[in-house]
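Chemist: One letter stands for each residue in the lines below.
Number of protein chains: 2
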Amino acid sequence: MEEREISQAVIRRLPRYYRYLGELLENGVERISSNDLSKRMKVTASQIRQDLNNFGGFGQQGYGYNVKYLYTEIGKILGLEQHHNIIIIGAGNLGQALANYADFEKRGFILKGIFDVNPTLADVSIRGVPVRMMDELEQFVRENDIEIGVLTIPKTKAVEVANNLVNNGVRAIWNFAHIDLNLPENVIVENVHLSESLMRLSYNISRYHEEHKESK
Amino acid sequence: MEEREISQAVIRRLPRYYRYLGELLENGVERISSNDLSKRMKVTASQIRQDLNNFGGFGQQGYGYNVKYLYTEIGKILGLEQHHNIIIIGAGNLGQALANYADFEKRGFILKGIFDVNPTLADVSIRGVPVRMMDELEQFVRENDIEIGVLTIPKTKAVEVANNLVNNGVRAIWNFAHIDLNLPENVIVENVHLSESLMRLSYNISRYHEEHKESK
Numbered sequence: 001m002e003e004r005e006i007s008q009a010v011i012r013r014l015p016r017y018y019r020y021l022g023e024l025l026e027n028g029v030e031r032i033s034s035n036d037l038s039k040r041m042k043v044t045a046s047q048i049r050q051d052l053n054n055f056g057g058f059g060q061q062g063y064g065y066n067v068k069y070l071y072t073e074i075g076k077i078l079g080l081e082q083h084h085n086i087i088i089i090g091a092g093n094l095g096q097a098l099a100n101y102a103d104f105e106k107r108g109f110i111l112k113g114i115f116d117v118n119p120t121l122a123d124v125s126i127r128g129v130p131v132r133m134m135d136e137l138e139q140f141v142r143e144n145d146i147e148i149g150v151l152t153i154p155k156t157k158a159v160e161v162a163n164n165l166v167n168n169g170v171r172a173i174w175n176f177a178h179i180d181l182n183l184p185e186n187v188i189v190e191n192v193h194l195s196e197s198l199m200r201l202s203y204n205i206s207r208y209h210e211e212h213k214e215s216k
Numbered sequence: 001m002e003e004r005e006i007s008q009a010v011i012r013r014l015p016r017y018y019r020y021l022g023e024l025l026e027n028g029v030e031r032i033s034s035n036d037l038s039k040r041m042k043v044t045a046s047q048i049r050q051d052l053n054n055f056g057g058f059g060q061q062g063y064g065y066n067v068k069y070l071y072t073e074i075g076k077i078l079g080l081e082q083h084h085n086i087i088i089i090g091a092g093n094l095g096q097a098l099a100n101y102a103d104f105e106k107r108g109f110i111l112k113g114i115f116d117v118n119p120t121l122a123d124v125s126i127r128g129v130p131v132r133m134m135d136e137l138e139q140f141v142r143e144n145d146i147e148i149g150v151l152t153i154p155k156t157k158a159v160e161v162a163n164n165l166v167n168n169g170v171r172a173i174w175n176f177a178h179i180d181l182n183l184p185e186n187v188i189v190e191n192v193h194l195s196e197s198l199m200r201l202s203y204n205i206s207r208y209h210e211e212h213k214e215s216k
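Residue numbers (full-length UniProt numbering), protein chains in the order written: chain A, 1 to 216; chain B, 1 to 216.
One or more of the hints may lead you astray.
The list cannot tell twin chains apart, which means a pair is met if one copy fits it or any two copies do.
To be verified - Listed below are the simulated DSBU-like cross-link pairs for lysine-lysine, each with C-alpha atoms no more than 30 Å apart in a straight line: (1) K155 x K42; (2) K76 x K155; (3) K42 x K112; (4) K112 x K155; (5) K68 x K155; (6) K39 x K155; (7) K39 x K112; (8) K157 x K68; (9) K39 x K157; (10) K42 x K157; (11) K42 x K68; (12) K68 x K39.
For the record, the hints were derived by calculation from the structure and aren't laboratory data.
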């Protein structure tokens, strides 16, 4: 297949396709037209055709999409058939919530370790994975082929820990700390800035109130 | 001020400006040029000027931006000076992580209640807010002027609970359940789909590996 650059906008939509197709599969749906998928997903049918054409289409004119095939192919594109060793830094509520997230394994993410500075957590295990202290971090990362680090620690420590992970071979960071990490360009960073999400919500509420006031 | 439509792209960037300006304030910086802000934020200076012009600019040619003024004004635009009563549905790890998030109050979000179906949580309080059982939900929402509901419950229950909240007066949902809610158009929904974020990370890792292979 010819390589071409896929826009970040398309990539942002792929996981949503994957989720919907997964739900269709669970409900025993074998085929779906772009029109039906369009109605469910509230995206235009032409957008769907255009997006899926980026990957060779998969659709057959008049027959719709084969749900299982499309689900599997998008899963491959998303890299979900590969295994990635992952560790979580920060065993607070958020770190524990993520560690308990069973879909991790389903998506090929193998939770290898959880780290924290708090000694009272030293005897705790989450889904069979013990919480380790931070002084074991570097050696653990090197010896266990850790590819992804999840940061659920305060922003004051996040930059230092991220650099430390990268120096020991980690290639990607799932960052929940409220700070930009400024890592080397070859490190993949996916940020989840919850406070920014909350501010967007706040903005949209104020905006709605204002518009509502005006229309009275 | 004349009303005009601000693009969602600009709105998505505003919380990031707010975060950076907040950090500058904490560090005692009083003025900053769009060039300096540009270097810190890794956004072009012209993008910054263009974005902030949407709200009347705030900048004075040659003097740069007054950090405190800009921070305050963006805060107002984001609606952070208003108070919103908020409840969390789902007192698991994620719900507790959010309930413990002290920045809530700083941003004008007042945590009024936490709800769960699990009776073993009935005696638990988080930051002084007791966990209540779901059968109290409807009355509580009506009597406490609840504006925002945070959903940290499984997707199988999320749609029903969201509709229930909306029918009792809730105007906005911060949705962590892995499902689209399809609520009436006047209800504001901000989704945080963590599994989709994880898939983007996975995609970017595979993509990087492929490109790396090719360049060898």
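Chemist: Compare the structure with each hint and give your call.
Modeler: Outcome of the hint check:
{"no.": "1", "hint": "K155 x K42", "in the structure": "between (37 Å within a copy, 18 Å between copies)"}
{"no.": "2", "hint": "K76 x K155", "in the structure": "between (34 Å within a copy, 24 Å between copies)"}
{"no.": "3", "hint": "K42 x K112", "in the structure": "neither (38 Å within a copy, 33 Å between copies)"}
{"no.": "4", "hint": "K112 x K155", "in the structure": "both (23 Å within a copy, 27 Å between copies)"}
{"no.": "5", "hint": "K68 x K155", "in the structure": "between (41 Å within a copy, 22 Å between copies)"}
{"no.": "6", "hint": "K39 x K155", "in the structure": "between (41 Å within a copy, 20 Å between copies)"}
{"no.": "7", "hint": "K39 x K112", "in the structure": "neither (40 Å within a copy, 37 Å between copies)"}
{"no.": "8", "hint": "K157 x K68", "in the structure": "between (43 Å within a copy, 26 Å between copies)"}
{"no.": "9", "hint": "K39 x K157", "in the structure": "between (45 Å within a copy, 22 Å between copies)"}
{"no.": "10", "hint": "K42 x K157", "in the structure": "between (41 Å within a copy, 21 Å between copies)"}
{"no.": "11", "hint": "K42 x K68", "in the structure": "within (21 Å within a copy, 41 Å between copies)"}
{"no.": "12", "hint": "K68 x K39", "in the structure": "within (19 Å within a copy, 46 Å between copies)"}
Of the hints listed earlier, those the structure fails to meet are numbers 3, 7, in rising order.
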